[in-house]
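Residue numbers (our numbering), protein chains in the order written: chain A, 7 to 300; chain B, 5 to 294; chain C, 20 to 434.
It cannot be assumed that every hint is accurate.
Derived pair list, reagent style EDC-like, types lysine to aspartate or glutamate, alpha-carbon separation capped at 20 Å [claimed, not checked]: (1) K296/C with D54/A; (2) K245/C with D301/C; (3) K191/C with E178/C; (4) K123/B with D265/C; (5) K134/C with D384/C; (6) K277/C with E55/A; (7) K134/B with D260/C; (8) K259/C with D153/B; (9) K6/B with E190/A; (10) K65/B with E427/C; (11) K134/C with D363/C; (12) K150/A with E48/B.
Now the in silico label distances, taken between C-beta atoms and shown as ranges [unchecked claim]: (13) L20/B with D234/C: 51 to 61 Å; (14) Q168/C with T56/B: 49 to 59 Å; (15) Y28/A with H137/B: 29 to 39 Å; (16) R386/C with L276/A: 52 to 62 Å; (17) M5/B with L215/A: 18 to 28 Å.
One side only, chain A facing chain B, incomplete, derived with CB under 8 Å [unchecked claim]: (18) A35; (19) L40; (20) F121; (21) V170.
Read the hints as simulated data drawn from the structure, not as lab findings.
Note that the structure is a prediction, hence the values are computed from the model and not measured.
Note that beta-carbon positions come from the ideal geometry of N, C-alpha and C, so glycine has one too.
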Amino acid sequence: MTELRTPWSLTRRLQPWRVLLYAALVLLAAVFLLPVYVMLANSFKPLDEIRSGHLLALPGQWTLAPWRSAWSTAQIGVQATGLRPFFLNSFLVAVPSVLLSTALGALNGCILTQFRFRGADLLFGAILLSVFIPFQIVLIPMAKMLGALGLAGSLKGLVFVNTVYGIGFTTLFFRNYYAAFPAELVRSARMDGAGFFGLLWRVLLPNSLPIVVVAAIWQFTSIWNEFLFGASFSDFSSYPLTVALNNLVNSSTGVKEYNVHFAGAFIAALPTLAVYLVSGRFFVRGLMAGAVKG
Amino acid sequence: MKAGWLPRLLLSPSVLLTLVCVYGCILFTVYLSFTASTLLPRHEWAGTAAYTRLLGLENWKISANNLAVFASLYIAIAMALGLVLAILIDQKIRAEAVLRSIFLYPMALSFIVTGTAWKWLLDPGVGLEKSMHLLGWQGFAFGWIKDGDMAIYCVVIAAVWQTSGFAMALFLAGLRGVDSEQIHAARLDGARTWQVYWRIVLPQLGPVFVSAFVILAHMAIKSYDLVIALTNGGPGRSTWLPSVFMYQYSFTRNEMAVGAASSVLMLLAVGAIVLPYLWGAMRSAGGRHD
Amino acid sequence: MKRPLTAMALAMALATPPAAMAGQSVEVLHWWTAGGEAAALNLLKSGLEKQGVRWNDMPVAGGGGEAAMTAVRARVTSGNPPTAVQMLGFDILDWGGQGVVADLDALAAREGWDKSVPQEVQKFSRYQGRWIAAPVNIHSTNWLWANRQVLAQAGVTAEPASFDEFIAAARKVRQAGFIAIAHGGQPWQEAIVFDSVALSTGGADYYRKAFIERDPATIRSATTRKVFQRMAQIRSLVDKDFSGRDWNVASGMVIAGKAGFQIMGDWAKGEFLNAGKHPGKDFACYRFPGTQGMVAFSSDQFVMFRLSDAGKAAAQRKLAAAIMEPAFQSTFNVVKGAAPARLDVADTAFDECGKKAIRDVAEADGRRSMLGSIALGHATAASAKNAIYDVVTRHFNGQIDDARAMAELASALAD
Chain A
7 MTELRTPWSL TRRLQPWRVL LYAALVLLAA VFLLPVYVML ANSFKPLDEI RSGHLLALPG
67 QWTLAPWRSA WSTAQIGVQA TGLRPFFLNS FLVAVPSVLL STALGALNGC ILTQFRFRGA
127 DLLFGAILLS VFIPFQIVLI PMAKMLGALG LAGSLKGLVF VNTVYGIGFT TLFFRNYYAA
187 FPAELVRSAR MDGAGFFGLL WRVLLPNSLP IVVVAAIWQF TSIWNEFLFG ASFSDFSSYP
247 LTVALNNLVN SSTGVKEYNV HFAGAFIAAL PTLAVYLVSG RFFVRGLMAG AVKG
Chain B
5 MKAGWLPRLL LSPSVLLTLV CVYGCILFTV YLSFTASTLL PRHEWAGTAA YTRLLGLENW
65 KISANNLAVF ASLYIAIAMA LGLVLAILID QKIRAEAVLR SIFLYPMALS FIVTGTAWKW
125 LLDPGVGLEK SMHLLGWQGF AFGWIKDGDM AIYCVVIAAV WQTSGFAMAL FLAGLRGVDS
185 EQIHAARLDG ARTWQVYWRI VLPQLGPVFV SAFVILAHMA IKSYDLVIAL TNGGPGRSTW
245 LPSVFMYQYS FTRNEMAVGA ASSVLMLLAV GAIVLPYLWG AMRSAGGRHD
Chain C
20 MKRPLTAMAL AMALATPPAA MAGQSVEVLH WWTAGGEAAA LNLLKSGLEK QGVRWNDMPV
80 AGGGGEAAMT AVRARVTSGN PPTAVQMLGF DILDWGGQGV VADLDALAAR EGWDKSVPQE
140 VQKFSRYQGR WIAAPVNIHS TNWLWANRQV LAQAGVTAEP ASFDEFIAAA RKVRQAGFIA
200 IAHGGQPWQE AIVFDSVALS TGGADYYRKA FIERDPATIR SATTRKVFQR MAQIRSLVDK
260 DFSGRDWNVA SGMVIAGKAG FQIMGDWAKG EFLNAGKHPG KDFACYRFPG TQGMVAFSSD
320 QFVMFRLSDA GKAAAQRKLA AAIMEPAFQS TFNVVKGAAP ARLDVADTAF DECGKKAIRD
380 VAEADGRRSM LGSIALGHAT AASAKNAIYD VVTRHFNGQI DDARAMAELA SALAD
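Sequences are here, hints too, so could you generate the full structure?
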């Protein structure tokens, strides 16, 4: 990790500072971990322990029953299927959407930075501004559009919607990254006669791993956790995990099985957590490489 | 290099989709705000009736107020905390990767999960307050979430927790891109650490501040799921934000025109804040190559 | 006794090979995602499956149907409506007015729904005279639930006969060391309490004039002020952590013996039964003091959307018929805690609270004192209902006083 070290950090001579530093970091880390600790600890407790005890305590009696229930036997609707059947739907929506929106972002980023044409800045501004649109606004018009395209209620429709509203962010990331791209590489490639695709394929993309990771992580997280489109544009055959989790946690009757809710929330969050934990390093590297510079 | 037809053609699907699906929807919303729409869009002109009603609604005043409080606190604290975390982590720490993951992981969680976890934590009857009492600290009181005046700060807490890790990642990347030559020169001149930070590092982080601001502002506006999961807009209506207002009036109260009017006002507010940033970004000729 | 339609359907189902059965399916959008309600809905599902109709479940929980209503909007706008959607009160009529619902008149005539469903409930099942929805039940909101042991320990021996007696009893419970009234601080729950207090204070005529007919003079009367005063009295008897609490958690407080009373609709009974408590012995179901003979009702109904596919429409009619079957109405509502939507269903399977509910509905229907619940959208349409929520919840949370509450109520009901 030598390339990430800064040359001017506090020197090791200042021992008390470092002790303070570590103490501060550990305290902050504890605060950050508190909610997830609470969720995890309480998901292994039987329900009466939750009711009678308090949430910071470790389980007196460890049980996996809440996890089993959340996975395969909890009531999601009329059926008691747990969250398992809905994972596939969420993957089938998230993966293609991430691939498509990232690819389009890379394409757009390349075009907006390597070519001069009138209105390029305006177009970028328009695309950038589009990330601010609250999804509730687009609900009704998009429903009409999906209906007209014959995509209503299907996984393809969800992929379409998530891709469209992901283009803004991915374009932002790639455009800023390619704007900081070394000009000499581009120039020499052009002098060698590279056309548009040559430039993209052979020069830009091979050096884009960090930013691809940033865009993919960001998109995957957003789409995996997305609820409004998932509930509104799906039907019984295609509704994703977030809707199922909502049904598990927000049902209006019955005993509130908090332990099952927490286990379920954790299960639903596992893919995104895994993505962040595994590729966190690339995430920072990608940001460092100019993903979101001004 | 001047663009030929190919790049323009390849850019057009995205432009077209954005134009139709984003700006088209915005225009449609503006149109709706001037109609008499209730349950579903109704193509009956109503002039500025929706806006008049909107501006007279107590719920809107509460929402707008809350957004001002929430957004300013949330963005300021998340940026400050992100910066502090980044500076701390940047100090050649052992276990940097672990610590970074710990601060970054809340971004992986959906707002629903965050809201539910914090709702529990902040509930005086079952959460922190009760735990502290059971652990012997009887005087501890933290019932903000049940208090109409303080509940909005609970939303700030949950939101800061969720996204300050991302701000940290942005600042960390920025810190590591700071020009080391200037630092060396300053240190040779005898500058102290805080002076180095204040005069050299922070100014160079300017663009990062702006980017962080854009991302955080976007989160603040799209905070519907978090509020609903955490407080459901309560106690009473005291944690309503414009996103909640919009949803409620468009979908729950069957007053789509009023919901549309609130969306228009919100978009204008967003535009007012983001457009200057865009202007600045475009003027600095964001790196087009010839 | 088999109805002609179901007999025919059954014959068809038996006659056709299993593969062909896959043709008929219904997609139902609802928010009964757990507990007794989901179990009860399962009965409908298995009943339909026996008739060869596949049940495609589309549950969307949250907010008493808020998220579901948003999903319906998108589904209908995209031209892909579900077969049936669970809805309450004026929402049904609002959708009826959009011209996207099915016509169930033929089925209704054949099955005689006109005669068996109370007129007040029919007002929501029919749009401009045409049947568009099948009611599943008649809930009422003006109930008082009590833990008998807590009451006994507090020295409360008799059912409170009036509002003042109720307050006195609640104070006794508090003095005995319990929480007097278990309340969940959510706008709709405060509105449920409001239903009962308004009905108790002003009676059926006041309630109807003020909240259904929206007569301004009645709204701005001394009765309304008294209603708000009484709401404040109730506010003084709940515990400090009431804000945001879910209704079933509040029921849990009564079940566990921490609190004495809960003012809640009859779906609360399901919580008590699930916890193994017995009506009469462990818990009591009283009509809210002062409201005997009146029913502030709410009826869950499945609205049928117009489908272009003939096969799907046929399945839809089977669903509607199955919902209205007396046998189903009985089994479902025994679990759900409500009275059946039909007046001609025998009450043999119901427990004593259920029997009381059925009796009260019959009495109120006869006396014309069946009044739509304000809280559940059966007195006013959505925008006024939510405006009333705003007033009631802000008043309950102490943010506005009685006089201002009355003024805001008047403007809420004025649009």
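Evaluation of the provided hints:
Taking the CA atoms of K296/C and D54/A, the gap is near 17 Å; set against the 20 Å cutoff, the hint holds. Restraint check for K245/C and D301/C: not satisfied, since their Cα atoms lie roughly 33 Å apart, outside the 20 Å limit. For the given pair, K191/C sits about 13 Å from E178/C by alpha-carbon distance, which is consistent with the 20 Å threshold. Of the pairs offered as hints, the one joining K123/B and D265/C holds, with about 12 Å between alpha carbons and a cut-off of 20 Å not exceeded.
Note on K134/C and D384/C: the hinted pairing holds, with a Cα-Cα distance of about 12 Å set against a maximum of 20 Å. This hinted pair checks out: K277/C and E55/A have alpha carbons roughly 17 Å apart, not beyond 20 Å. Taking the CA atoms of K134/B and D260/C, the gap is near 12 Å; set against the 20 Å cutoff, the hint holds. Distance hint between K259/C and D153/B is fulfilled; the C-alpha atoms sit about 15 Å from each other, no more than 20 Å.
For the given pair, K6/B sits about 17 Å from E190/A by alpha-carbon distance, which is consistent with the 20 Å threshold. Restraint check for K65/B and E427/C: the C-alpha separation of about 15 Å stays at or below 20 Å, so the hint holds. Among the hinted pairs, K134/C with D363/C is consistent with the structure: their alpha-carbon atoms are about 9 Å apart, no more than 20 Å. Straight-line distance between C-alpha atoms of K150/A and E48/B comes to about 19 Å, which keeps the hinted pair within the 20 Å bound.
For L20/B and D234/C, the hinted distance range of 51 to 61 Å is satisfied, since their beta carbons lie about 55 Å from each other. Checked against the hint of 49 to 59 Å, the pair Q168/C and T56/B passes, with Cβ atoms roughly 56 Å apart. Roughly 31 Å separates the CB atoms of Y28/A and H137/B, a value that falls within the hinted 29 to 39 Å. In this structure, R386/C and L276/A meet the distance hint of 52 to 62 Å, their C-beta atoms being roughly 58 Å apart.
Take M5/B and L215/A: their Cβ atoms lie about 25 Å apart, and the range 18 to 28 Å holds. Nearest Cβ of chain B to the Cβ of A35/A: about 5 Å, under the 8 Å cut. The hint holds. Evaluation of the L40/A hint against chain B yields a held restraint, the C-beta minimum of about 7 Å falling below 8 Å. Look at F121/A: its Cβ gets to within about 4 Å of chain B, closer than 8 Å, so that hint holds up.
With 8 Å as the threshold, the beta carbon of V170/A comes within range of chain B, its nearest partner Cβ sitting at about 5 Å, so the hint holds.
Hint check: a violation occurs at hint 2 only; the rest are consistent with the structure.
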